[in-house]
Amino acid sequence: MFRRFARHIKEGFLGVFRHLGMALSSASAVMITLILIGLFLLVTLNLYDMTKSIESSINISALVEIGRENDHEAIEKEILAIDGVKSVDYRSRDEEFDYYLETQGSDELRDFYNTYRDDNPFRANILVEVEDGDQMATIRDEIATIDGIDEVADGGANTYTLLEILDSVRLFGGILVAALCLLATYLVYNTIKITIASRADEIWIMRNVGAKNGYVRAPFLVEGIIIGFLGALIPMILAIGAYIYVYNFMGGSLFGAFYLIEPLPFVLYISGALGLIGVVVGFIGSYISVCKYLRLKR
Amino acid sequence: MISIKDVSKTYKNGTHALYNINLDIQDKEFVYIVGSTGSGKSTLIKILNGEEIPTSGSAIVNGTDVGKLRFSKVPLYRRGIGVVFQDYRLLPKRTVFENVAYALEVVDKKKDEIRTRVREVLKLVDLEDKSTAFPDELSGGQQQRVAIARAIANKPKILIADEPTGNLDPRKSDEIITLLEKINKEEETTILIVTHDTQIVRHHPKRMIMIESGHIVADLNKGAKF
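Protein sequence lines correspond, in order, to chains A and B.
To convert, count from 1 in the first sequence and add 32; that's the numbering used here.
To convert, count from 1 in the second sequence and add 25; that's the numbering used here.
Fair warning: there could be bad hints in the mix.
What the hints assert, rightly or not - Lysine to aspartate or glutamate pairs mimicking EDC-like chemistry, simulated, CA-CA at most 16 Å apart:
| # | chain 1 | residue 1 | chain 2 | residue 2 |
| --- | --- | --- | --- | --- |
| 1 | B | LYS118 | A | ASP233 |
| 2 | A | LYS244 | B | GLU130 |
| 3 | A | LYS244 | B | ASP133 |
Simulated from the structure, these hints should not be mistaken for laboratory data.
The task is simple: from the sequences and hints, build the whole structure.
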């Protein structure tokens, strides 16, 4: 068993060396694809992080009817019972008034508004944090139906539009990564196809003396994995180096508004993922190729 | 050992290669299959080797019905059949010893077993002194001997030789047929030689089956005139 395994590994490496030019050209093509995959992964995951951070910063404001402030605990319970609500935070009318004053730019204005404290126009506010931004609209509508709630406000249409745009970009990035993985698989598939054609005699001999299909297949699979891994090496290093450079260059944030994901251990995961993608596409590409050949020729 | 009943073969492109072939070949027999190009003899060989399955009829080889042979079972089936071709098909970057050993390695034989068997077959084909040579250092006749040694390394019950003398001069051809006779006798292997070279049949008379246009037109016993 071990002897056979070692033999397949050895044959796989020998296969790469015997067809070094072909293997390197395929590995280069895989490399370019993996660089693009790495780039899209870095961008997409940062966008994902950004979206999550925006979502988590948006709260729903449930304004309590004036005169129903004493019922706030019961209302809070009702809100907490809604599926997807993470937490609630009650702010009394006075606290709301204070909060408004704090947001005013000058002491003069603050003093002026403070004269209205006895006729406080603000309503008590229950700030609702949701688990997932996608549920925001549904939760908002449900809260609006609760007795004692006067009005419900959230980030508004602009926030939803921004989230939708980020979602679309994320989805597009995901599709692109998947498409590039398919492309890399196809590149390995073609290389192994040519390798098989150049070794048709050897395969013929193996099959004619009764080698099992798995035995014929194994060295090609090892070869595909090696090509995939070779193709992944530079993208793996590049992902680490380039991301750390860009992160430092931009000061860890995008235009000072959004924080980029910290390089460590993030880039190590991305680098590992690229290596894994390389190995997997190498394996799948060669598997399809060799299986197709073996099926064609009984 | 080989029992072919009403076997017909039509390829996907509509070519009819064999029509209702009936044939029985016993253990340890030595048989020539003779026919012109396109007569259907290669299709017959492919059926016996499990490369093709009959369109109708049954082909029982070593107790296995080729028509019902599952794809995954083909490798095991082939271990009972050795095949030799006109163009030798040796691995150019491997020595004579390695070429023969290769047939045993791929079926997971142990190293000691491989060494012993390779020496045995190289002695049988009279190439003991060439074990470290590469194929391009050998003559055509010697290369065919290596191919034969490789084909019998796994001790198949049947050895099929498709035009084994096609690339050889008459003297070398004669030597190859003599070698196959020796294998038939010493290894007790059933030998099927596909050829269109009637000279070798005359010099080494054995049972001869003639195929033309997909039909068996004659099945002559040893020594019969044709």
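Against the structure, the hints:
| no. | hint | verdict |
| --- | --- | --- |
| 1 | LYS118/B x ASP233/A | holds, 12 Å |
| 2 | LYS244/A x GLU130/B | holds, 12 Å |
| 3 | LYS244/A x ASP133/B | holds, 10 Å |
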